[in-house]
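Sequence positions in the sequence shown follow numbering that gives the first Met the number 0 and run 0 to 392.
Honestly, I wouldn't trust all of these hints.
[What the hints assert, rightly or not] Simulated restraints on C-beta separations:
(1) P231 with Q190: 16 to 24 Å
(2) L309 with P94: 46 to 54 Å
(3) S335 with H269: 27 to 35 Å
(4) W47 with P383: 32 to 40 Å
(5) S335 with W47: 34 to 42 Å
(6) L379 with R334: 13 to 21 Å
(7) S335 with P240: 49 to 57 Å
(8) T332 with S180: 30 to 38 Å
(9) W382 with F224: 17 to 25 Å
(10) P195 with W242: 51 to 59 Å
Hint data in this document are derived by calculation from the structure and do not stem from the laboratory.
Glycine included, each C-beta is placed from N, C-alpha and C at the ideal position.
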Amino acid sequence: MDTRKTAGPPLMLLMLLLGFPQLSETIYAPVLPDIARVFNVTAGQAQWTMSIYFIAFAAGVVYWGRLADHWGRRPALWAALCCYGGGALLALYAPDFTVLLLARMLLAFGASAGSIVVQTILRDTYQGAALGVVFSTAAAVLSLSPALGPPAGALLAAAYGHTGVFAALCILALLLLASSSRLVETKPVDQPPPPPFIQVARRVLADRHILASAVLVAGFNLLLFGYYTLAPFTLAQLGMPHWLFGASGLMVAAASGGGAWLNRHALQRHTPARLVRYAVFASITGSVLQWVCVYLLGDMPVATAAGLLLTQAVLLVAYGCAIPNVLSTALLTYRSVQGSAGALFSLLYYLAIAGGLGLVGTLYQPGLWFQPMVMLMVSLAMWPALRRLSKPL
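Using the sequences and the hints given, assemble the complete structure.
Right, here's the structure in full:
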């Protein structure tokens, strides 16, 4: 029977803790020009603060996931939030760019616990279909970040510069620490000490179900972050105003949140495996429609832009529907080492996302056709992963 454990932490608090890493990153993006000006570095050097963030985030996922199995979920999360707060404070008073890079590493390293430790708590607390529903709620919460983070960051940057954003992150860290006092420990009391990390790693890397799940998570995230990477250039080639891309964050939030809402209701009638297959098929269909828009409407800029945004919404609905099902079922056989196995699973798809975005940047060619091509290639690459799952989702 799919029921929640009676001693589970408040769901709203878990959603807040799960969403804050993405919010804290999207709120930072608008201050990049200010960072370049204040610290007297180039725009490319300012973007290092973004790259180094994802590297430290991936490392933190492994560290805090392992600690969650050794120390427990609550102490690992508290330690991570202290690290996050220290990074925010260091960034607020950073005297030079080198110190700012170090601060960004600490911020990312601490924030990663909001992903891995909270996912582990959810897997401790919910089982079966209930876990899929909760991850659908999480996907809806995460979809708000593109709508809230950049506008909030832009307002803070306009009023206070980059220090306004880092001060807000300091306050966020304090609020999260205070709120997390309500957390209860969810690590099973009878859980034995975790086996050596290398033993868990060998098991995970030999598990075709885990590897296929990582491909699917990475693929759907590339549909999202590939849009952030390519759409500004595609819309500029169409002569669209700069504000259109910023406003499209509302479309991203609505479409991915709508997919999560759709998934919650569809789980009453369909298995997670079937919904993931539908989502992959929808992403392929949406990518083909993007090609059609470019081919048929390329000489009508406004119509082409509208078509690209509408077809991208199809991809994001698929994202919102698929991600909860893959995340909720990937580690069903790893309950005794959920922190460590979840850390490795997350590391696999974070590295795949970083590699995919790097490849897109390296191979980028100006032209309206490039964005639809990337979306179609990513969508097609996910299809074989469905066939490689060694057991049903």
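Here's how the hints hold up against the structure:
no., hint, in the structure
1, P231 with Q190: 16 to 24 Å, "47 Å, violated"
2, L309 with P94: 46 to 54 Å, "48 Å, holds"
3, S335 with H269: 27 to 35 Å, "30 Å, holds"
4, W47 with P383: 32 to 40 Å, "35 Å, holds"
5, S335 with W47: 34 to 42 Å, "39 Å, holds"
6, L379 with R334: 13 to 21 Å, "34 Å, violated"
7, S335 with P240: 49 to 57 Å, "54 Å, holds"
8, T332 with S180: 30 to 38 Å, "33 Å, holds"
9, W382 with F224: 17 to 25 Å, "20 Å, holds"
10, P195 with W242: 51 to 59 Å, "53 Å, holds"
Hints 1, 6 from the list above are not met by this structure, while the remaining hints are.
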